[in-house]
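Novice: Residue numbers (our numbering), protein chains in the order written: chain A, 1 to 997; chain B, 1 to 101.
Since the hints were made in silico from the structure, they are not lab data.
With the Cβ distance kept under 10 Å, some of the chain A side facing chain B (calculated, not the full set):
1. 280
2. 429
3. 703
4. 882
Where a beta carbon is used, it is the ideal one built from N, C-alpha and C, also for glycine.
The lines below spell out each chain.
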Amino acid sequence: MSQKFRCDEGGAIDRRKPLSFTFDGKTYQGYEGDTLASALLANGVHLLGRSFKYHRPRGIMCAGSEEPNAMVELRTGARKEPNTRATTIELFDGLVANSQNRWPSLRFDVMAVNNLFSPLLSAGFYYKTFMWPVSFWTNVYEHIIRRAAGLGTAATEADPDFYEQCHEHCDVLVVGAGPAGLMAAISAANYGARVIIADEHAQLGGSLINENFNVDGISGKDWAARQAQKLAGMNNVHILNRTTIFGYYDHNTIGAIEKVSDHVPQPAAGKPRQRMWTLYPKRVVIAAGATERPLIFGNNDKPGVMLASAVRTYINRWGVKPGSRAIVATNNSDAYRTAIDLHQAGVRVVAVVDSRMHPDAPLAAKLDALSIELIAGKTIGAAEGGQHLRYVQLVSTQGLTADPQRIDCDLVASSSGWNPNVHLHSQSGAKPIYDETIASFVPGQSRQAEVSIGAAKGSFELQDCLDQGRAAGAEAAKLSGFKGRLIKTASASDDDAYSIEALWIAPTPYNKSYKQFIDQQNDVKASDIDLAAREGYDSVELLKRYTTQGMATDQGKTSNVNALAILAAQRGEPIPEVGTTTFRPPYVPVAMGNFAGHTVGYQFMPVRRTAIHDWNEKQGAVFIEAGMWLRARYYPQSPEDTLYDCYVRETNATRSNVAMVDVSTLGKIDIQGPDVAEFLNRLYINNWLKLPIGRARYGIMLREDGVVFDDGTTTRLGENHYFMTTTTANAAPVLAHMEYYHQTAWPELDVVFCSVTEQWTGIAVAGPNSRKLLENVIDIDLSNEAFPFMAYGECKMNNISARLFRISFSGELAYEVNVAADYGEQAWLELLEAGREMGVSPYGTEALGTMRIEKGHVAGSELDGRTTALDLGLEGMANRSKHFIGKHNSQRPALIGDGRLQVVGIKSVEAGRNLRIGAHLVDDKVKLESVSQSQGHITAITFSPSLGCGIALGLLQDGASRHGEQIDAVSPLHDEKIRVEICHPIFIDPKGELVRA
Amino acid sequence: MLRIECPWCGVRNEDEFSYGGDASVQRPADGGSLDEWYDYVYTRDNSAGQHTEHWQHLNGCRAWITVVRDTITHEIFDTAPASPNLPPGSGSGKKTNGVKS
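Pulled out of the complex, with its shape left as it was, chain A reads as follows:
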């Protein structure tokens, strides 16, 4: 295949390694070292996509990550990646890309009709045009707009690749490996500092590869290669190529993305697709270069209109001629290089059009020597052509009204000057300042340990870049504590001084109206900025939001300063008065996979398993997640067994015989010290000073605002030794809560404590036959007299040391056995064996929940962060003559007044109809839809095997005094209304005789 626009020689590409790729189904050839953009240009393909709003044909404008237009859908299937810049995609063999935002085809796009309706689509059009009728917004307008606007489509399959996160510390981070960055890295490394140097490209060198420079008597490209080799040989230097520094965060923390495998069809085995680095440098040297601005003229978005520096880069880096008849249009000295490079590559340069009346004489002489025409005092007023540029119309920049001068061309290389890449400097918290001499923003006062050098600082001359790099690298190393000697200077051949006279917008031919694009990715025109300012959106932050200028995926890299200047002109103020928006990370789009890293799928969250988990699994238990824990929910005995069958069977077994449940997930905190009783007395609302050794007590903790925080039992194991349990969900928060008070409010209390949740396996043995079962294996007297309700004792269970608690959550005679977790499964098996003849069985959390509802024990759904002890019927426990957390705030009027939601029991009075969790409790006169008149809601439901009907707990206004009342439980989502009776929340054994049996 021919690459008609490929130069015969030159460029950092390997002509011996041809690569084949397809774009929109057509196969092309490029070379190793190409980007997708350079390979397409080599094949004469300029039309790459349609614009966001107006569906105008768009081509390639830039040569790097600042590109606003040339976005494609890269790859296919699960690896499909929309909105990817063709200018940053390294070509590989077999690459597949497609244009986007066009239908049915790129050349013929139906939505291009938007271009004709553009008066409707001006700034703020969303807010103005599609206002009426209101219902049309969701039903009609939104669908049309969503289809018409937008970019590529995402893959629908899961990403098959993985992403990695790495952290690295260093003394000096150098951002960018152009002339300034290379010198800085070598200079700092020479002092012995640990250096990381990061660059977006595969090859280090930056502008040395893009330009036709000489350094130290050899070509810039070769000089850069030598420096890269030198750095690679230093063991205190880490080169991160293909890596973009995307964010500068607080305390000198830096985010970077390394594109490990984007340049190959798929990652090699074991390699991530991309890697996210968090870097912790002591000093940062920002040598991130500068971004060229395009001139703003009519139809400046035509394919064929490119940045002057991009044109040079295509010639010098990739050996590609982006056109055959070129016009160079500029307001500064730098673009003259483009004319010379084009000429040397054999492209006809029709003219250099300099908007300044008096261009630099040495540059004029250079053009003269090459017989290139120089037109001064004019600029391009408008570009014309269909899907590609055909000619331009030159207009006077000096207010002359002569007829525009038409020049035929297929390439415009335009430059409106250079913007130092102050993004990272701004992200670090500093404020860039406007520099009149280069008509752009330069870094201001540093706020963090960073310095900008070279083009990133507004120094556009090569020798300055090299010198500043040398000095800044040494300075950064010195500030990091290193001593050494400066490296030798490098000397550049290029001696053109940079000069510019700002021209922010070109006059149009005959003052006719043209679309002059500022932000090409979001289709924001100069007229949109004028309109926004006229309508009062004239601050830079408002402008951005009203017009969406700078809010596309390129973040306005080529458009921000132009937009600002036009706004300043509209306001009649100097640019510094208007100011800039704050640059925010990320500098380039970052794939979400990088933030997830390895924490996806089963690695999303650790899974906590109890010691009995394996046994549960073998039994075919169905598990439920409780935080990170997996708990056995129920134990099917046959494939037909339903959840209902299981929990009814398990509940009946417990209430009539004996059953066991794994309660290891409860939070456990071991507390020791002489002041524990006082500590507990302040944490819990009830009394703790007189708890005897060998006894457990139930306690309620409040938050400082008076709302109930957690509940559980604490047992006194010894004189100064206590053992607390918390709910599964609050195990960690309760520990932190205790640490907070111990370390900040009550440091005088002599206590120590730590979590022992995972050290102990807890097994509850419950049911009227539980004592009988335990007597088979426990070596202490379990009679009611010797070991009453709430007793505690150390014992041996067969040969295992165990702690035994007589506590009950089921409401039955019950015990809890704790053994060291390593013995957990053995203990479980021995208990099963001890009860085998009695028919002991396991029960899961579903039966546990059923029994707790039957007993009216409050749990997570009632401890909802709003209920007080009074609401829960537990206020009687509080001892208000002592101090405890939340004591005072629990007495605030709103917490003790009428109308509080209080816990109640609820029974269906309609036989056979089940209650629904979350149903609202309403007066029977209230219509189904009007849950705004809800008086409360159902928090937990179950079918009670003991009562033979559906029961529930709920929270109801003044519920404690409404037992016996009938009310409706409604669920509008299910169009459901059930008559219920309010009752006491304890459904069975209200006096608690069973637990004391």
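Mind docking chain B on chain A? Use the hints.
Specialist: Structure of chain B alone, referenced to chain A:
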């Protein structure tokens, strides 16, 4: 990412810590009025500038520490143990910005 110097563990990433609110608020005595207790829980200055606050080194040594931070710039001026009863740390408990220079 803030870099916070734990007096015992050294400079660590913010994500090892959890924020614990304004450390300058004094917990009233048991006999305090309801207004005092209300203020203690709910009333806070939203200060722009230096702010003394509690952090817990939750995924580290679990110590509660007092951090003096600028709420605008995030500069950290000082970190110290919240409890006078804990053994002193090896670090100075001073500076950060994550950088010792």
